[in-house]
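Number of protein chains: 2
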Amino acid sequence: MRGAVIYGPKDVRFEEYADPKILAPTDAIVRTVATCICGSDLWRFRGVSPVVQPRPIGHEYVGVVEEVGSQVTSLTTGQFVVGSFVASDNTCELCLVGYQSACLHREPVDGCQAEFIRVPLADGTLVATPKQPAPEYIPSLLACSDVMGTGWYAAIAAQVRPDSTVVVVGDGAVGLCAVLAARQLRADRIIAMSRNTARQELATQFGATDIVTERGQEGIAAIKELTGGIGADSVLECVGTHESMQQSLGATRPGGNIGFVGVPHGVHIRGEELFSAQVALRGGSAPVRRFLPDLIDGVLQQRINPGKVFDVTLPLEEVAEGYRAMDERRAIKVLLRP
Amino acid sequence: MRGAVIYGPKDVRFEEYADPKILAPTDAIVRTVATCICGSDLWRFRGVSPVVQPRPIGHEYVGVVEEVGSQVTSLTTGQFVVGSFVASDNTCELCLVGYQSACLHREPVDGCQAEFIRVPLADGTLVATPKQPAPEYIPSLLACSDVMGTGWYAAIAAQVRPDSTVVVVGDGAVGLCAVLAARQLRADRIIAMSRNTARQELATQFGATDIVTERGQEGIAAIKELTGGIGADSVLECVGTHESMQQSLGATRPGGNIGFVGVPHGVHIRGEELFSAQVALRGGSAPVRRFLPDLIDGVLQQRINPGKVFDVTLPLEEVAEGYRAMDERRAIKVLLRP
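If you read the protein sequences in the order shown, they are chains A and B.
If you're matching positions, the first sequence starts at 398 in this note's numbering and goes up one per residue.
If you're matching positions, the second sequence starts at 398 in this note's numbering and goes up one per residue.
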């Protein structure tokens, strides 16, 4: 079969390599129906995170179950499934408290920009749709696999409540999905921080009530002005830089909450500043599996349409062009069709 | 009147100085019935925080209303009152969401190791007891003014829930009160980290179920061993050093919560470690005023007895000896009687 392999900075190749096989009796093999490129894949593409040796890449997927291991009980061949990028048994103590991202038996799901993938702990990781979804739902179901689940977690971690004021820092696909999540959670005011017209427009479609184009201290001042001088109840940090975290700390009211889901690169926080800000910080790799059943239902019932973040669709064999389009910000997020 | 004045490291003097006066129509003058020395006062006594010029010190107090300004409506002369160390109007937007510590009109209440004190924003700051309390309740009511309110906030910030597992880092008066708070909030297991026999004993009286004497990585390993390898649901950080914060981060399970109330000195947190730990951090100066009515009721109904943290009582004029006793850890906390 064929799939994407990253060799180093700016070097993603579409290659023939061995079909995945059932390795453990709890595995499943999934034929991908759609996959995509994540903002976090770009850290390696840009050389910020090292690539030690060539390896398959990608962690977002929807597809059809092709084969199951002997101990898989809840899935059958032919079912359409959505999964998270962290394989989890969904039965351990940490899964049961909703932190499947920290499952005691977790494994990464990797190499998903490919025609077939092996999903470990299939019973715990994959969620089947009630029936084969119509084609128009595929992009939104794919988004649930990571960006929508991650944006949703940002909103949950930041304790977004009905009638609250929310700031979303970051206008990438996760930030845009975070806007959608805040709207679903019935925030009253949703302020998106973006200086890109196309992204501003999608943020507004997703429920943003205000747009702030300033950044840094000016951005904080703009948020304060919009919130009676005190800051927002919840701030959703969807970037991962030191600057975006500082902006988030400055934009949150005392007693408010920051949910941070941008993978941090060089972020450091002084205890003194967190103490005096009196805000709560919760972040991490989103426990997407916790939210998947609700998110899938939301897509199929047309409450949410996060698939709109895919503004470019390419055949899987053009995956390298997809990376370039996202790296150069010509695309918000690229969907790949095997 | 007479009160304590700090001149510099190891130099607290008991001196005659001018009686406080009503400066704003919302002020009250309180005759102190009891006051005490806080662990945070020791930062200046030890020279860690600078003393730029001699100034009255102390921020914990109970007493009797001596005089009220013309705009004070809820208090009358002769009432027994307990107040927080932050004066707050209790009506602004931040007070209404429970963050009186960040009140838009907040002022510090200072110079409380004295016979009389001026309390700004008296209506919002002071809580009167239903009647004059019997003498045996005075120490516990005084504790509500800071240490018990702060320990309570640590437990609230760390989201202590019924049947949960809690770790308390720090065996000072705040840490001990945090144990008491966790017990009141019906935690199932409360692990106190302490290597001092007297403090271990009080922790046990307050509800600790386990004592861990190790610190650092060994302390974390001991907590992991007591919690099935995953860490505690809630960790209450009541010290404020970088080491105690690291210990707290290591002792919390993924998805768990840290409440930190030790005033940070040199604490720094990497975004990456917080992201991978998947824990929430909330800290700051406790909004004691939020909890005062319940805590006072708890004392008078004998549900809580935080006054036990006072293991030394001295006449106010011996305040300097009180500082020495706490500095040398001969006393957990010193109560001063004017």
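Note that these hints are calculated values from the structure, not bench results.
Here a beta-carbon is modelled for each residue, glycine too, at the ideal position from N, C-alpha and C.
Among the clues, some could well be false.
As the list claims (entries may be wrong) - Per label pair, the in silico range of CB-to-CB distance: (1) GLU640/B <-> PRO447/A: 26 to 36 angstroms; (2) SER471/A <-> ASN593/B: 29 to 39 angstroms; (3) ALA531/B <-> LYS621/A: 42 to 52 angstroms.
Going through the hints against the structure:
1. With their beta carbons about 31 angstroms apart, GLU640/B and PRO447/A fall inside the hinted range of 26 to 36 angstroms.
2. Restraint check, SER471/A to ASN593/B: a C-beta distance of roughly 53 angstroms breaks the suggested window 29 to 39 angstroms.
3. With their beta carbons about 48 angstroms apart, ALA531/B and LYS621/A fall inside the hinted range of 42 to 52 angstroms.
Checked against the numbered hints above, the structure breaks only hint 2 and satisfies the rest.
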